[in-house]
Amino acid sequence: DQQVKQNSPSLSVQEGRISILNCDYTNSMFDYFLWYKKYPAEGPTFLISISSIKDKNEDGRFTVFLNKSAKHLSLHIVPSQPGDSAVYFCAATIFSSGSARQLTFGSGTQLTVLP
Amino acid sequence: ETGVTQTPRHLVMGMTNKKSLKCEQHLGHNAMYWYKQSAKKPLELMFVYSLEERVENNSVPSRFSPECPNSSHLFLHLHTLQPEDSALYLCASSLGGGSTGELFFGEGSRLTVL
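Chains as they are written, first to last, in this note's numbering: chain Z, 22 to 136; chain V, 131 to 244.
This is chain Z alone, in the form it adopts within the complex:
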C-alpha cells in the first residue's frame, strides 16, 4: 500500500501560467515533506521542503502548501517555464534522531510546460 500518492501521472501547462502538482499521504506520522525534480538521464534533485509545523514554504517561483488535516500537499510553480518540464516526486519522512533518514516517495508527475 503506497503511503505517498501522486494521482496525476502527467500535467501540461502553458508557459507563464501556474503549475499545481498534488500529493497525498496516509501516514500521519510523517512530519517532513520534500519535492524533487528529475530530468531524463539525471538523478532527482532536491527542490523544496516543508516541515509539518508550517503550512506554507516559498522559494522563488516555487511554493509548497501543506494541509495536515487532509494529509495533502501541493507544489505551485508560478510562472511556469519550459525548463520546468520534468518529473516531480513528492517525498515524506518521519523525523528521527538517528543517523540516517528514510524518504518515502510518490510515483511522480510528469510536468510539461508548453511554450
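These aren't lab readings, by the way, just hints derived from the structure by calculation. Note that the coordinates shown come from a computational prediction; the quantities given were computed from them, not determined experimentally. A portion of the hints provided could be inaccurate.
[As the list claims (entries may be wrong)] Using 25 Å as the maximum straight-line C-alpha spacing, the simulated PhoX-like pairs for lysine-lysine come out as follows: (1) K148(V) x K166(V); (2) K171(V) x K26(Z); (3) K89(Z) x K75(Z); (4) K152(V) x K26(Z); (5) K26(Z) x K170(V); (6) K26(Z) x K75(Z); (7) K92(Z) x K148(V); (8) K26(Z) x K77(Z); (9) K92(Z) x K75(Z); (10) K166(V) x K149(V); (11) K26(Z) x K89(Z); (12) K170(V) x K92(Z); (13) K152(V) x K171(V); (14) K77(Z) x K89(Z); (15) K26(Z) x K92(Z).
Given the coordinates of chain Z, work out where chain V should sit on it, guided by the hints.
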C-alpha cells in the same frame, strides 16, 4: 565533478552474470542509499548505510548484495538477476543526524537484464 557519481551509467547483463554498481560521494556525507526506480513506480528504497553500517534492508532479494567499505563509497553487487530487475538504480547520500534529510542523488545506473 558532481557530488554523487555512479558507474557504470548503463549495464546489460545476462541472468547468470555477476556485476557490480559503484557509487562515490564527494560531499562529506555520512549516510548512503540505494534506490530502485522502475517505470511508473515510486522510488523504492533498497538499502541504507549510516557510518558504514547497514541500517535498513527493505526485503530486498539476496541476489542484490550491498557493500560500503567507507563513508564515500557504496557498491551494489548483482548476481543471478531476473529480467524484472531491469530498472534505474539510484545512489544517494545525505547528512545524517539532525539534518533535514535532503538526499543528493547520482545520475543512476540503467540496468537491463536479458
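Hint check results:
1. K148(V) x K166(V): 18 Å, holds
2. K171(V) x K26(Z): 10 Å, holds
3. K89(Z) x K75(Z): 9 Å, holds
4. K152(V) x K26(Z): 30 Å, violated
5. K26(Z) x K170(V): OK: K26(Z) and K170(V) at ~12 Å, within 25 Å.
6. K26(Z) x K75(Z): 21 Å, holds
7. K92(Z) x K148(V): 44 Å, violated
8. K26(Z) x K77(Z): 20 Å, holds
9. K92(Z) x K75(Z): 13 Å, holds
10. K166(V) x K149(V): 16 Å, holds
11. K26(Z) x K89(Z): Given that 25 Å is the threshold and the Cα spacing comes to 15 Å, the pair holds.
12. K170(V) x K92(Z): 22 Å, holds
13. K152(V) x K171(V): 23 Å, holds
14. K77(Z) x K89(Z): Given pair K77(Z), K89(Z) holds - Cα atoms ~11 Å apart, limit 25 Å.
15. K26(Z) x K92(Z): Measuring from Cα to Cα gives roughly 11 Å; hence the hint holds.
Comparing the model with each numbered hint stated earlier shows that hints 4 and 7 do not hold.
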